[in-house]
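Engineer: Residue strings, one per chain:
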Amino acid sequence: MPNKTFFWFFLPTGLAMILFIGLPIISTGIQSFYAQHDQVVKEVKKCDPFGCTVSIVVDNELTTKLREDKPLGKFNGFGTYVDRNHLAIDEIKKFWNETENFGAFVDQVTNLPFYKALIFTLTYCLFVTPNVLLLGFIIALSLNAVARKIRGPLIFGTILPMIVTPLVGSLVLFWMIDSQGIIGANIQNLMNDPYLSLKSSKTLTWITIIIYGIWHHSPFAFVVFYAALQTVPQEPVEAAIIDGASRFQRIKHIVLPHIYPVVTFVALISLMDNFRVFEPIIGFSAEGSAQSLSWLIYDNLVNEEVILFGSAAATSMMTIVGIAILLAPVLIRTWKEFKTAR
Amino acid sequence: MDYGLDKKSTSLKTFNTIFIIVWLLIACFPFIWTFWGSFKVRADFFSRSDWWYAISAFNTLIETGGKFTTDAYTQAWTEGEFWKASKNTIIVTVFVVSISLFLGTLGAYALSRSTERYAFWILIAALIFRAMPHITLVSGYLFPFFQLQIWGILPTTIVVLVAINQPFTLWLLYSFFKTVPKELDESALIDGCSYFQAFRHIIMPVMWPGVITAGLFSLMLAYNDFTVTALLLNQENHTMVPKIQSYLGTNQHEGNLMWAVSAVVSATAPLFMLVMFFQRQVISGLTAGAVKG
Numbered sequence: 001m002p003n004k005t006f007f008w009f010f011l012p013t014g015l016a017m018i019l020f021i022g023l024p025i026i027s028t029g030i031q032s033f034y035a036q037h038d039q040v041v042k043e044v045k046k047c048d049p050f051g052c053t054v055s056i057v058v059d060n061e062l063t064t065k066l067r068e069d070k071p072l073g074k075f076n077g078f079g080t081y082v083d084r085n086h087l088a089i090d091e092i093k094k095f096w097n098e099t100e101n102f103g104a105f106v107d108q109v110t111n112l113p114f115y116k117a118l119i120f121t122l123t124y125c126l127f128v129t130p131n132v133l134l135l136g137f138i139i140a141l142s143l144n145a146v147a148r149k150i151r152g153p154l155i156f157g158t159i160l161p162m163i164v165t166p167l168v169g170s171l172v173l174f175w176m177i178d179s180q181g182i183i184g185a186n187i188q189n190l191m192n193d194p195y196l197s198l199k200s201s202k203t204l205t206w207i208t209i210i211i212y213g214i215w216h217h218s219p220f221a222f223v224v225f226y227a228a229l230q231t232v233p234q235e236p237v238e239a240a241i242i243d244g245a246s247r248f249q250r251i252k253h254i255v256l257p258h259i260y261p262v263v264t265f266v267a268l269i270s271l272m273d274n275f276r277v278f279e280p281i282i283g284f285s286a287e288g289s290a291q292s293l294s295w296l297i298y299d300n301l302v303n304e305e306v307i308l309f310g311s312a313a314a315t316s317m318m319t320i321v322g323i324a325i326l327l328a329p330v331l332i333r334t335w336k337e338f339k340t341a342r
Numbered sequence: 343m344d345y346g347l348d349k350k351s352t353s354l355k356t357f358n359t360i361f362i363i364v365w366l367l368i369a370c371f372p373f374i375w376t377f378w379g380s381f382k383v384r385a386d387f388f389s390r391s392d393w394w395y396a397i398s399a400f401n402t403l404i405e406t407g408g409k410f411t412t413d414a415y416t417q418a419w420t421e422g423e424f425w426k427a428s429k430n431t432i433i434v435t436v437f438v439v440s441i442s443l444f445l446g447t448l449g450a451y452a453l454s455r456s457t458e459r460y461a462f463w464i465l466i467a468a469l470i471f472r473a474m475p476h477i478t479l480v481s482g483y484l485f486p487f488f489q490l491q492i493w494g495i496l497p498t499t500i501v502v503l504v505a506i507n508q509p510f511t512l513w514l515l516y517s518f519f520k521t522v523p524k525e526l527d528e529s530a531l532i533d534g535c536s537y538f539q540a541f542r543h544i545i546m547p548v549m550w551p552g553v554i555t556a557g558l559f560s561l562m563l564a565y566n567d568f569t570v571t572a573l574l575l576n577q578e579n580h581t582m583v584p585k586i587q588s589y590l591g592t593n594q595h596e597g598n599l600m601w602a603v604s605a606v607v608s609a610t611a612p613l614f615m616l617v618m619f620f621q622r623q624v625i626s627g628l629t630a631g632a633v634k635g
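Those protein sequence lines, which keep their order, are chains A and B. Take the first sequence: its position 55, counted from the start at 1, is 55 in our numbering, and no numbers get skipped. Take the second sequence: its position 179, counted from the start at 1, is 521 in our numbering, and no numbers get skipped.
Check the hints yourself; a few may be wrong.
Under the rule of at most 25 Å between Cα atoms (straight-line distance), these lysine-lysine pairs were calculated in the DSS-like manner [said to hold, decoys possible]:
| # | chain 1 | residue 1 | chain 2 | residue 2 |
| --- | --- | --- | --- | --- |
| 1 | A | K199 | A | K116 |
| 2 | A | K252 | B | K350 |
| 3 | B | K355 | A | K149 |
| 4 | B | K355 | A | K252 |
| 5 | A | K42 | A | K74 |
| 6 | A | K4 | B | K524 |
| 7 | A | K149 | B | K520 |
| 8 | A | K339 | B | K520 |
| 9 | A | K4 | A | K42 |
| 10 | A | K4 | B | K520 |
| 11 | A | K336 | B | K520 |
Which residues of chain B face chain A? A partial, calculated answer using Cβ under 10 Å [said to hold, decoys possible]:
| # | residue |
| --- | --- |
| 12 | T359 |
| 13 | I368 |
| 14 | F400 |
| 15 | F410 |
| 16 | E458 |
| 17 | M474 |
| 18 | I492 |
| 19 | L496 |
| 20 | P497 |
| 21 | A505 |
| 22 | I554 |
| 23 | A602 |
| 24 | I625 |
| 25 | S626 |
Facing chain B, from chain A, some residues (calculated, C-beta under 8 Å) [to be verified]:
| # | residue |
| --- | --- |
| 26 | P12 |
| 27 | V168 |
| 28 | W175 |
| 29 | L301 |
| 30 | E305 |
| 31 | I332 |
| 32 | T334 |
The set of hints was computed from the structure by calculation and includes no laboratory data. No residue lacks a Cβ here, since even glycine has one placed at the ideal position from N, Cα and C.
Whole structure, please, built from the sequences with the hints as guidance.
Structural biologist: Right under this line is the structure:
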């Protein structure tokens, strides 16, 4: 296709992506170097018969004017990145000098908002992704063994958790697991502890959200694996059966190597999606004990008094760096393949 | 896959059946339960004293005189203004699907027919864009949108959702157009058609299976979105998902949590119907890029 024709065909979609994905990333980058204005203060001298006192009050008029003149805020350089709510360099130095052992130091650091969120996000990715792959694969194998006639409805039932939006999915589970719901109430009875509830324990909340993640993402892995299983060639499998290979050996030595590229694809997509975990925290009302990077950004953006653009943007930039690190191996591999292909 | 040689033992078959039944229960029961509970009053579905009330409808009988009540639905749709939210969702979904298919088919067709190196890099860039968490993009939008005073209205959100959706649509349709033989449009070009004419008369009639799949995914994205719609729309223009979240925020009031339950059912039902009809397309879409490795 000639370049000129390509250009006109691609222009609309290219423009949309540049304007609403490319530019916002740049805009986020710029915003992250600014912070909201401090309030302008002035000294007011008050005199009464007993003498004069000087008090400091906020000058509302000037503050509003300043905010209107420079809506982006004041230039802050990397200030937002290193403050207490982000990388917290100073605090970490302080903890390092003050705490006696390493455990206490780690404890202190993981209580800082950014590191807390980072640890939750990584824990979520680390537990959800492998389990999603495993469960999805088992369901695919299992459904692949049932009669073809009844597979349609079974597949429909299996993919339900995936097609609802995460907020709805987590709400539906939360209403059952909550202490007033069917599962929560029964667990209370079973454990004989009327105060046992999701909100009371951090570990329980984390486990619930991770279980939700597996429930929500497994159908995706299932669908892809199921389709891949249909393409496994028959002959090697039959040969293996004649040679006396067990079912497990057949899966390990024939099926898995055949669908290996698909496994990496699912792992990658699942990792990318899990890294932006956000809605379940709202669905489970788990803000108290579990915060993710995306949730931190959301929290800054819905701030009551003044929207913390700078802070949200700094967290966003660091999230993008995180995504880049996750994607790097794939990009490098694609680049190498592209090089050799030419 | 039915191997003629592969004899499954009875115990394996039983185990397999049990596993599938258990999994289907886990996957579907929450939805069935929510559906059932949406016809009860709050004191039953979120019972402080006994969860069995949700089944026996103890309080529902006392409060409404019947075992089932549709109060939650009528209240959420009228008083809770859920009708407005669903109207907004329909507007957003229709526009997002049609615009993103229009842009996506043109772009993906060009990508699939180009032999230049930049086509490869565009696809890689689209992959990177696909990986961006939506909330980071939203944090980039808010400030400029406030300044330009285009925040809070539906058209802005529609354009944003279209853009966010493009990378995936491009990849999906690209791999679809790759399966449409090149000779088809090349012969039209030789006969003197321009590329646009070839696209219009040769490609468009055969592209519908791919377009339906891509359309379904755009629809699911627009319909299900929370991050963008919650932050870029004002209260008036909220779509269904942020509306459901707003019912949660005020759950001190007796009725509102049940509003959320009935709203969840109302929002989910059309989606389930749609997927039931188009199951084959959804599955082929999810596997399009994957199976070819």
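Engineer: Grab the minimum C-beta distance from I554(B) to chain A and call the hint holds if it beats 10 Å, violated otherwise.
Structural biologist: violated (16 Å)
Engineer: So, L496(B) near chain A? Judge it on the closest CB pair being under 10 Å.
Structural biologist: Interface hint status for L496(B): violated (15 Å vs cutoff 10 Å).
Engineer: Tell me if the interface restraint on A602(B) is satisfied: Cβ within less than 10 Å of some Cβ in chain A.
Structural biologist: holds (7 Å)
Engineer: Just to be careful, I want the Cα atoms of K355(B) and K149(A) compared with a cutoff of 25 Å; is the pair within it?
Structural biologist: holds (16 Å)
Engineer: Could you check if P497(B) really has its C-beta closer than 10 Å to a C-beta on chain A?
Structural biologist: The hint is violated - P497(B) has no Cβ within 10 Å of chain A, the shortest such distance being about 13 Å.
Engineer: So, as I understand it, the hint says I368(B) touches chain A; can you test that by seeing if any CB pair is closer than 10 Å?
Structural biologist: holds (7 Å)
Engineer: With chain A as the partner, please determine if M474(B) meets the hint condition of a C-beta pair closer than 10 Å.
Structural biologist: M474(B) check passes; min Cβ-Cβ to chain A is 7 Å, inside 10 Å.
Engineer: Given the hint that K4(A) pairs with K42(A), test it: the Cα-Cα distance must not exceed 25 Å.
Structural biologist: violated (62 Å)
Engineer: Regarding the hint that I492(B) lies at the interface with chain A, is the smallest CB-CB distance below 10 Å?
Structural biologist: Check failed: Cβ of I492(B) comes no nearer than 12 Å to chain A, outside 10 Å.
Engineer: For the restraint on T359(B), tell me whether the closest CB of chain A is nearer than 10 Å.
Structural biologist: holds (8 Å)
Engineer: With a cut-off of 10 Å on the beta carbons, see whether F410(B) makes it to chain A.
Structural biologist: violated (18 Å)
Engineer: Going by Cβ atoms only, is T334(A) closer than 8 Å to chain B?
Structural biologist: holds (7 Å)
Consistency note: the structure conflicts with the earlier hints numbered 7, 9, 14, 15, 18, 19, 20, 22, 30, 31.
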